[in-house]
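**Student:** Below, each chain spelled out in residue letters.
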Amino acid sequence: MNAIAELILNGLQATFTLNTVFFICAGTLLGLIVGIIPGFQSAMAVAILLPLTLFMDPFESMVFLISIYIADIYGGSITAIIINIPGTGASVATTLDGYPMTQKGECARALGISFGSSFFGGLISYFIMLFVMLPIAKFAIRFGPPELFLLGIWGITMLSSVSSGDMKKTLIAGLFGLAIGTIGVTATGEWRADFGSLYLIEGVNFIPSIIGMYAVSEIISMTERKFIVKDRLPETPKFKNLFKGLFEPFKNIVVFIRATIIGTIIGAIPAAGGTVASLVSYGDSKRRDRHPELYGTGYARGIIAPETANNASTGGALITTFSLGIPGSATAAVLIGALMIQGLRPGPQLLREQIDLVYAIIVAAIIAQIFMLVFSIIIGYKVVGILKISTQYLIPLISIFCFFGTFAIRNAMFDVYLMIAFGLIGWLMKRYGYPPVAVVLGIVLGPMVDSEFIRMITLWPNNWAITILTRPICVFLIILIAVSLITPIIRNKNKKKRGEAKIADVDLTED
Amino acid sequence: MPRYTIRDKKIIVGLKEKQIVIKEEIIILLIITGFIIPYFIQIIDLSKRSRMWPTFIVVTISILILIKLIQSISIIKTTVNTDSQQQADNKKMERLPSIKERFTLFPLLALIILALALPILGTYIAVPVFAFLTMLYYGVRKWVIMILVVIGVTLFLFFVFKMWLMVPLPEGIIFRMGSEY
Chain A
4 MNAIAELILN GLQATFTLNT VFFICAGTLL GLIVGIIPGF QSAMAVAILL PLTLFMDPFE
64 SMVFLISIYI ADIYGGSITA IIINIPGTGA SVATTLDGYP MTQKGECARA LGISFGSSFF
124 GGLISYFIML FVMLPIAKFA IRFGPPELFL LGIWGITMLS SVSSGDMKKT LIAGLFGLAI
184 GTIGVTATGE WRADFGSLYL IEGVNFIPSI IGMYAVSEII SMTERKFIVK DRLPETPKFK
244 NLFKGLFEPF KNIVVFIRAT IIGTIIGAIP AAGGTVASLV SYGDSKRRDR HPELYGTGYA
304 RGIIAPETAN NASTGGALIT TFSLGIPGSA TAAVLIGALM IQGLRPGPQL LREQIDLVYA
364 IIVAAIIAQI FMLVFSIIIG YKVVGILKIS TQYLIPLISI FCFFGTFAIR NAMFDVYLMI
424 AFGLIGWLMK RYGYPPVAVV LGIVLGPMVD SEFIRMITLW PNNWAITILT RPICVFLIIL
484 IAVSLITPII RNKNKKKRGE AKIADVDLTE D
Chain B
6 MPRYTIRDKK IIVGLKEKQI VIKEEIIILL IITGFIIPYF IQIIDLSKRS RMWPTFIVVT
66 ISILILIKLI QSISIIKTTV NTDSQQQADN KKMERLPSIK ERFTLFPLLA LIILALALPI
126 LGTYIAVPVF AFLTMLYYGV RKWVIMILVV IGVTLFLFFV FKMWLMVPLP EGIIFRMGSE
186 Y
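If you read the sequences in order, they're chains A and B. Here the first sequence is numbered in the numbering used here, starting from 4 and rising by one per residue. Here the second sequence is numbered in the numbering used here, starting from 6 and rising by one per residue.
A hint or two may mislead.
[Unchecked claim] Lysine to aspartate or glutamate pairs mimicking EDC-like chemistry, simulated, CA-CA at most 20 angstroms apart: (1) Lys28/B to Asp169/A; (2) Lys171/A to Glu29/B; (3) Lys53/B to Glu193/A; (4) Lys433/A to Glu176/B.
For the record, the hints were derived by calculation from the structure and aren't laboratory data. The structure displayed is predicted, hence computed values, not measured ones.
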């Protein structure tokens, strides 16, 4: 324990230097800007700025890049709440309740809740990292193909949480997303459903689908109103409301703690990441809540759950990155590259030989969270001004940013056309009650479920089903899946019973 | 001669004694079906391992689409079309989307035109023209603000995307021809 305290003190000393503070500020600001631009992912920003780190020492370079990584998720949530356009995949679940809260005229509160959840969730996740890095890493590494397959299936059961009422519509949308997610080269090396296009060999990138489904469909909806907030004078943001929102996670402490744990663990699992963490956390919170009907209407817990989880996932992702050298997310993979440029090899060796550096980076990441909160509040407060801009100006501006944000993924016009197609589908889906989030969930989880399934049946061709039942984590996940599927059915039955009882009561009183 | 009307998100095809009522949401089902059929054709010849999961998806979604299609289409026997009914139908016909409403999809059209024009005109001509014309279409007439927005967005693209993020923005044939001379 004393050794950890000493490492933390050393980390604090290294962090509070002019250079480090400068790199934290620069990384945070860049990350926030990148997060706000739809389509631009932290992995891309980190990769682009990687050459700059050649001129820095390993500590400064990691602090700079990790600041971009975390700030990107903060930035993505700002646009998700204000204009229903998630800047990153990890903010998709935030749109479900963040935007409705803005529509209710409580934009400042929604931003406050988002910043508070992200800040405290991230902070706790990094503290967890300080003390239990190795046990979590050892647990995460036990996830083989059967576990990852079942984790994906558990994620898919979250479809029941995003259902808008008609489960058939939600399932159709989710399966449509899953089918899109299977396009491209399979784990066996076969080309599958590429429709003759070379661009589809790598599969459908989920960025054009998210921008199309959310941003483009939202632009189309904007044509029907003068301002973003329909039939309502734009809210004058009040710092008071924003600050109130900051501490709302503590009023919902159980949801907050659960989301932090979910985020940290899912973040640590290779190939999962912030998008899966936030969607799973949202679904889990809705299922356990006494008032699931309030989710999707601008409910505070609907923001706390995904926002806490997506930021906590960054800490989780770094756990496996540093301790095992296995990236927990796409950005973490680029961070591994950054460490290797500096002549360091992430993994057990790094922990043995450079433990002081690892702890200094974690301490710096904790301090970076504080800077991020301050910058987010300032930038978020300013961005709220968008609400007062007429859609006459916003439509061309957002269209251009979405266009080039999508184009920048791989400099291909194909992705832009894909975004436009998804925009039309997303708009039609919203119009006829098919939840676009189900399609996105399918596209995100589809490749993971598919490739892990293929790996599983390749490794255990004759007894894969028995293998699943003999692995403890698999059994635990099967129980979670069963609970996820059964709970909504029981809840609906109880609701119907209660409804019938009420009608019976009314009849009796009328008699 | 069948008579077509649109009533509360339903397409009604009137025949002699019957009416076929189709819910408008059928469009979504047709789009997904239009994707699923060629998708299924493309996965048939793959190995069992690569085919299993997509086949499960295709079978499940097909069943669900079939159920929804059956729910979306219904045939109703019509009674004699009275004057009041005729008037009500006429009123509904008047509620057909106006020209302005039909152009709800204008942003999509504009984005397609931008995507087509970009390789020819290049970013620094196509984007200002796109921004200017779109604002004009949506009724902006404050010329100074329009010019500021056009310049601002072009500069933003240049400095953020081109200089900072190093995205190779399309230069277009015109710019490339200019640079050759």
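**Student:** Each of the hints needs a verdict: does it hold here or not?
**Tutor:** Hint by hint, here is what the structure shows:
Distance check on the hinted pair: Lys28/B and Asp169/A sit about 15 angstroms apart at the alpha-carbon level, within 20 angstroms; holds. Using a Cα cut-off of 20 angstroms, the hinted pair Lys171/A and Glu29/B holds, with the two alpha carbons roughly 16 angstroms apart. At most 20 angstroms may separate the alpha-carbon atoms for a hinted pair to count; Lys53/B and Glu193/A meet this at roughly 11 angstroms. Restraint check for Lys433/A and Glu176/B: not satisfied, since their Cα atoms lie roughly 36 angstroms apart, outside the 20 angstroms limit.
Hint check: a violation occurs at hint 4 only; the rest are consistent with the structure.
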